[in-house]
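J.: Here is what each chain is made of, one letter per residue.
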Amino acid sequence: MIFGLHPLLLVTFLPLIGFFIILFLKAEQKNAIRWTALLTSLATFGVSLAMLALFDPARGDLQLVYRTSWLRVGGISIDFYLGVDGLSILLVMLTTFLTPIAILSTWSAVEERVKGFMAFFLLLETGMIGVFLALDLVLFYIFWEFTLVPMYFLIGVWGGERRVYAAVKFFLFTMFGSLLMLLAILVMGLQVGSFAWNDLLAQRQLFAQTQLWLFLAFALAFAIKVPMFPLHTWLPDAHVEAPTAGSVILAGVLLKMGGYGFLRFNLPLFPEASLQAAPYMAVLAVIGILYGAAVSLMQKDVKKLVAYSSVSHLGFVMLGIFALTQQGLAGGVLQMINHGLSTGALFLIVGMLYERRHTREMSAYGGIWKVMPILGALTLIVMLSSAGLPGLNGFVGEFTILLGAFGSQVLNSPYFAGAATIGVILAAVYLLVMFERVFLGPVRVEANLSLKDLNAREVITLVPLLVLIFWIGLYPAPFFNLINPSVERLVSLVQGAAMLAIH
Amino acid sequence: MNFETVLPLAPWVVFFPVLGILLNLLLGKRLGEKGIGIIASLAAGLSFGVAVLLALGLAGHPEGATYPFLRWLAVGDFVADWNFRVDTLSVTMMLVVAGVGSLIHIYSIGYMHADVRHNGEPGRFRRFFVFLNLFVAAMMILVSADNFLMLFVGWEGVGLCSYLLIGFWFEKGAGGIANAQAAKKAFVVNRIGDFGLLIAIFLIFYNFGSLDFETVFAQAPQVAAALPGVILAITLFMLLGVTGKSAQLPLYVWLPDAMAGPTPVSALIHAATMVTAGVYLVARSQALYQQVVLAQDVVMWVGAATAFFAATIAVGQYDIKKVLAYSTISQLGFMVTAVGMGAAVAGMFHLVTHAFFKALLFLGAGSVILGMEHGHEHAAAHGSHTEGHHSAFDPQDMRNMGGLREKMPLTFWVYLIGALALAGIAPLSGFFSKDEILADASLHHPAVYLVLTAAAFLTAFYVARQLAMVFFGKPRSEAAAGAAESPAVVTVPLVILAVLAAVGGLLNFPTTHWLEKWLEHSLYGVEPARFILSVALISLAVALTGLLIGWLVYGRKPLEDARQPDPLARPLNGLFLALEHKWWVDELYQAVVVKPYLRLAQFLAQPVDQGVIDGLVNGVGNLLRSTAQSWRRIQNGYVRSYALTILLGVVLVVTYLVLR
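Chains as they are written, first to last, in the working numbering: chain A, 36 to 538; chain B, -18 to 641.
In case anyone wonders, no lab produced these hints; they're calculated from the structure.
Warning: the hint list may mix true and false statements.
Said to hold, decoys possible - A few chain B residues that face chain A, going by a derived Cβ cut-off under 7 angstroms, partial list only:
{"id": "1", "residue": "Pro49"}
{"id": "2", "residue": "Arg172"}
{"id": "3", "residue": "Val598"}
For every residue, glycine included, the Cβ atom is placed at its ideal position computed from N, Cα and C.
Pulled out of the complex, with its shape left as it was, chain B reads as follows (with noise of 0.2 angstroms):
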């Protein structure tokens, strides 16, 4: 495929998906869901075809190009044009974005015509799929913008679609307006993120005088040895906007909470896509990173900090959804980690199974869920409720599954395939890419070393209390006793995901390391990876001791009934409860944060605004009014006798100025 020949088709990338919003937007209502479904997928689509192209003409002309397409923003010095990076990094991510993102597309058509009709709201189906369109759209001006405006621009966008889709069930969570809440953490959080890569961005400008990649890069040598501090504050700034998208330490809150939205987009945008942005910001940006040591270390800090951290809340969720949330944050702890220790190749090939991985997991929750709503509502249809409270009964509890391997067999075998792929076990795809992060680490940082291997420890065994909760032991509610496996649509996306998180571990196999070649093009500084026998020996014994605790505590003797506490529970006590409560983060940031600026506001609004400043105001002039008592008739509140005043006043100036 000649390079030259493809490169004008990288804008369809984004162009693909917005022509998807506006044929639904148009023309949804008529075509009914088949119709909207499939011009969204086929969107997606062929976005993924243009990204598949791209790729091609790249085997030929690894070094990449820009594909100049409009000039946006042009103020005195300041220029920002529109362009598009093609380079084997750019279409790495588009690659990965739209193709889970289009087996998401395909997926959600199924899940989504069950959800609406849940819901009661058949109507927001073609919202749905314009909102997954324009992530799309979004995500693909993040990774193929050339500049650091244009990654901006990208970055709030799929940041919108994430406070859009969240809280796509706007009326129900708890107290109907949970949901809601959740969409307006994740975006002012993540504002707060955009906070620090503003200033980052304001930074570059001053100092590189553009915000072009390459000029910036290029020039980042000679910056850093100028003016070193300016370098390490421009990285941190970032590192501010990375914990945000990245859900790192301490931005983190708002992905757990995030799980409100629709499970395929838990799946698309708070796992595999848009929260790495982060780690491909980082990647990206390699080139001043490797400028500063202390920025590296910061970095890789914060990820490997958030890798043990997350994990090990995740130990202490029921929700099916949340122990995989808990994980994505603790799995981009590893990417970051590797990108911060300069293992930036390392950090793509974990972005990539991850989103393979994780994809699959979320996307079986989801068909997990269906089938849990699908025997609840069988079993309410036949009048026999033990559960209690009809409305209190929660499909995605842990605790109400069990015994789903025989209901769900398919669901059960591509989540098994995932779990072990998350966990770690060869030859599954994760085990290779996070082999590959703690090679790394265990030659140049031993201490991240082993914290991350014992999160790789927590990680097993919070898989294997999964598995073991939903699929194995008994049916602990009617729900489930009653679920039936998930129709075709659904299981196919499944099954082909299950193929990539099993295999994926090709792409950047120790021998061949295609990824790193494909990757060195364009990525600053790239260090050759190593397979260091021992390190994956360990990371896997590891892993299978991870297991196997999760199966002695959790498998081996299954869980009765629903309301049985956690095995966990009573052994480590205080500390199960301060997983259970993750660790109190949130009531923390409630104090610390959002009451007292919510107080100081209150002390703006009313002592200051309508006391103070408002009170000043009616001061003076009831002073004028009492002073001037005598001049009363003059100052009667009469806005003509102010007028004429006035008049009176330019008749005397005008007098003046003749008769002088």
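Next comes chain A alone, as it looks inside the complex (with noise of 0.2 angstroms):
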């Protein structure tokens, strides 16, 4: 208990407390209205520590779980069912460590209509944390759908030139793989009579005929949010349009909803269907890396780079995923994790330059890192953590899926690994030549003679994310502590159903 309330409740709402503060605040009060977001933000953050200092590392199952009846709906009780684990907790970790850089990193970049930003942007924190902490699939649909609101509304008011197609797309590719998700969650409620999912987990005998079918209807949802290849178009068009701090967020935690569904939802409930799916999840992963980072190469905006790279990063977590080794799954977490540091800091880095040229255009770049030292130093360090280079955070990640993959029982063959690791090729190649267009050279552009430096502010805003980028790079024990007992649960439950199969 924190000030009497539990904790995740109170880290799931608090940002809610900034948000109703907001909607008192007068549209020009601008900077109190940063301020109170950004406050709002961090002590939401140190909320999250609190709850991480009373989770017990050492056990694998769901704890701090709070649990009351809200609905009850025909005879069916829908609850406020909240619970963290291993598979969660790093999530909502990182959910309430982007949130207040990223609202730092708006400071000036956004000037117009600042109210309404910061007030949606508190409530799709809100959205993001129950998403991760929901433990009831109504109430976890609720929170999903729930993030849709606001992140429309970030791309289409804020976002770019093409704002409206993008968030119009955004909105209705996510709409459209969910509906089917409520169909399934439907489904199974009706036949189970609850929405609870150790309930659902207990009696998953009663829907393991449709299994299958259940299967794919969430695996929709959440290959689309991932996004998985051939289902990431809404991805770069997104990320384009939107406004820096929304593209953080957006590749930071929207992403990893989808890949946390898979480990929450689809590995659990229907884990034969999982076993029999596995193979042709992990060829559209490596489709996705081999893919992502080869059109990642041709892209001449470099936002649209970094989101192309996002489609082939995440490929290797979903690799990691249905490898369903205890390797491929710790690893698949942590890189959700590194891929939101990594490619939060590189959207950072991508809003800062734009900021000052209005460009994100490579061509418009060069040598710029003869005229702002610190931005090429710090952008160094996030290349390369992206590019998966042994010291930093991106190599622990994708070391440990591969390891995973490449001897895993389920996928049966080295193959998937070994063409991955060609990933790894492909991602120097597209990380270096970006890194050159923008940053090597000679200065080419009269414009950029004159660009300063980062500010105070600027550098606070990419500092945290390179502590843990080093952090986890160079030490990543402590992070897979947290991880791995929830993992051993769920490789040992999916193993077990596969054994169960069998006989």
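Using the supplied hints, reconstruct the complex from the two chains, each of which is provided in its own coordinate frame.
T.: This is the structure:
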């Protein structure tokens, strides 16, 4: 209990308090609004640290559970049911960590309608945390859909030129995906008589016969969110049009809701179907890795390049998940965090350049390291982390995933991991090309000669990310300690189902 | 020295350089160039001191030990620790890395002082030393690793430093971008090799259940008996990594371009230490390679072919550093051949002597370049310009040199020692180490022996060519005429290296075989090295003939002016053109690998992604829109209406549930 409140309730709904305060502020009080948003998100981060302190990493089950009856509909109870385990705790931390950073990055970038922006941002944070904590499927669905609305407005109102197209595309794409999921949730709930995750898990034989269809319904929603090839085309449009802070949260957190969904729902609730689908999912994941890397290389817009690189990186996550091994899954969870940090940082950097030059075309840059040495050095580190250089976070995740996939009994072939390892080469290609075009070479454009290097606020937004990039890269043990027990449970659950399926 | 007392010092081989980095990052700006240089050199020097202490400790405890440090990664049944392997092999590498490294740090204080001013960016002095210390740290992680994962961490770490230092002048080179492109090329080509190493690591883990050297090597015979194909796959994938890092066929193409880096970098990273990591890896993994003859043969032939092939290209180069770069590739070929044949001691011996004489040659070349730049600036200051375009002048082009023997006498003499050691002239170090490889080849692999002997001939020939073009004849440019000897901070390390290059042969002198007795404690299956008088005499004769012919072609009638074609260009005609153009391998790779990949990527990015995939998505959207014309009012594009619809849907569902 924190101030007499359950920590999970507090972490979920604290941003709403900031939201209401902002509603009462005048639109002209821009700085007051910004500070309210920043302080609220920092407080939320503080609460999430308290949650982390209360969390017992040795246990793999759900902890800090909060459950209360919420609605009763036709004899079926819909619960307000929250809990956290090793699969979700780092994602919650990532959300509360990235939100203040994203807010700080808007300080001078967003001047129009600050009030609405910050209000939506805090609303979004509540939605995202709710997604990672909700254990009642109806509640989960509500949070899931709820995140769409603020993000839709963040893109549609504060976005670039084609913002409306991008926002509608983003909205309809994800909306379309989740409709089938809602249907699947209702089917299961009606069969079991509960929407609570552990009730469904305990009685999954009731819907075991239809589990392949249920798996597919969930998978569609999650695969769009991840996004997996070939359902990814909403992502580059959304990223290019989204404001910087929106991109940071979109790439950093919203995409992870897809990967998390697979871990929390698809694998444990439909284990036989997961085993059956694993090779197909792995094929899509590997295609995504290679395809995303190739397409990324051809982009002229640096933001699009980073967007396609996400398709490639998330391919690694999906490969790890559907390797269904301890290493693959643990690596997949960690890689989601890694991607949030590195790609979040990359989007921040793109935003810093954009704020100065109002273009994202790489041809407008070149030689920036010379005029902005601090940004150059920081970008170098982030770029290398994204390229999976040992000593930085990306390597730890990728290596663990590839190792897990290489010997996976479910995939039963080293070729998945072998092909994915080629992605490590291709990642170096597009990232180094990006770095070369923007930061290396001589300064070609006169406007770049007078660029100012990062100010203190900008350095402060990047440094926390870099600290974690180094921490995970140099000493990943504490992070794996949080992840491992829950992943072990998940693996034994899926494998147990596999054994039953054989007998 | 008690081994138990020095063992806990092992992590400091890594942490002294790391400390140097942190100190220079924090204080460097205030300390100025001297302070930066001293801190960085001290960091490397202390690392060397630790290596010396470890070596002294090992003298009484030659079987070595592992110093446990940290549990780095543990997921499920996969565990990898960061431990420090202290045995005669790893400590030999540490001594070379930190020893040569320290000398090059000191040299760099002088070299970079001039270089940053020449390039108009004095502020980058500190950055250089930070990168150099980072390199020493990463290289130490590599050689002190006691499992394949930590080796890989160091392996990619040194690759990063190579990238950073090749692209140190990232706004320079042809078109202002050539240096940056060279850096990128090095990283990407090495990544191709690292792909192989990663796959090898995965295979090792799943077939041995561990990545620890001792566990893996101990099981090698059993696993080889049960699964010979697996060991073959492991060793060959590992070889791919070796060809990347140690610049062997077919992945050697990055190393010549890497000469874009400042010359001390070429000496330390791209000649003496990093590029030998592949040789070290095969030497370390002898237990695996000796299980499969086929793998050994492949390694051996890759090395021998590279040794010969690169030597031919060296004959046709004009850039003083490019000649040395191809020479390095060729000499690495000798080492790879040796470790491939199972003559790991000979390979390591050549690795050590090569580190001495090739570092010496590169640093000597750096001194020459400094002299040329000095002469060039001097001439420019006096306004007497006959070389044509100021910017087009290339201080590294040997055609612009000539007669430097008199302008830079000290540099000349030390360079001569290095060059003769490279050519394999007795009693300099290169003679003994190369001879040991040749002797072993002559006994077991006559064909390889012939190829290596031919390479040795070419080596002596291009050495003579270079000496003649750089130091003899008359100056062929005002820069060469105005060249001056470099300062002591540059020449003192040269003298020390010259001494080492001269007497390094004593390390494994035919009668004592110190190195062999030292390394046999950590190398798997050491075969006693043999000294075969006939082989030694033949190789000496071959080297002398090469030098003599080289002298006849280039030294007797030196080039008169910088635009005169190479004397070989006419008699060899098309062949020389091929050498000059490096057999067009870069062009071949461009056409076969790079362009097709770019075309494929373009095809995926435009017609596939934007056309087919996104087209389908938008098509579905349009289809829905056109078929639902009558529902237009509902589908009005306002999200608030959609939200309302969702709400409506939820209400309907709930109503159904309630009334059911």
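J.: Determine for every hint whether it applies to the structure shown.
T.: Do the hints match the structure? See the list:
1. Annotation: interface hint on Pro49(B) violated; nearest CB of chain A at approximately 15 angstroms, more than 7 angstroms.
2. At about 5 angstroms, the closest approach between the beta carbon of Arg172(B) and any beta carbon in chain A falls short of 7 angstroms, and the interface hint on this residue holds.
3. This hint holds: Val598(B) has a C-beta 5 angstroms from the nearest C-beta of chain A, less than the 7 angstroms allowed.
The structure fails hint 1 only (numbered hints given earlier).
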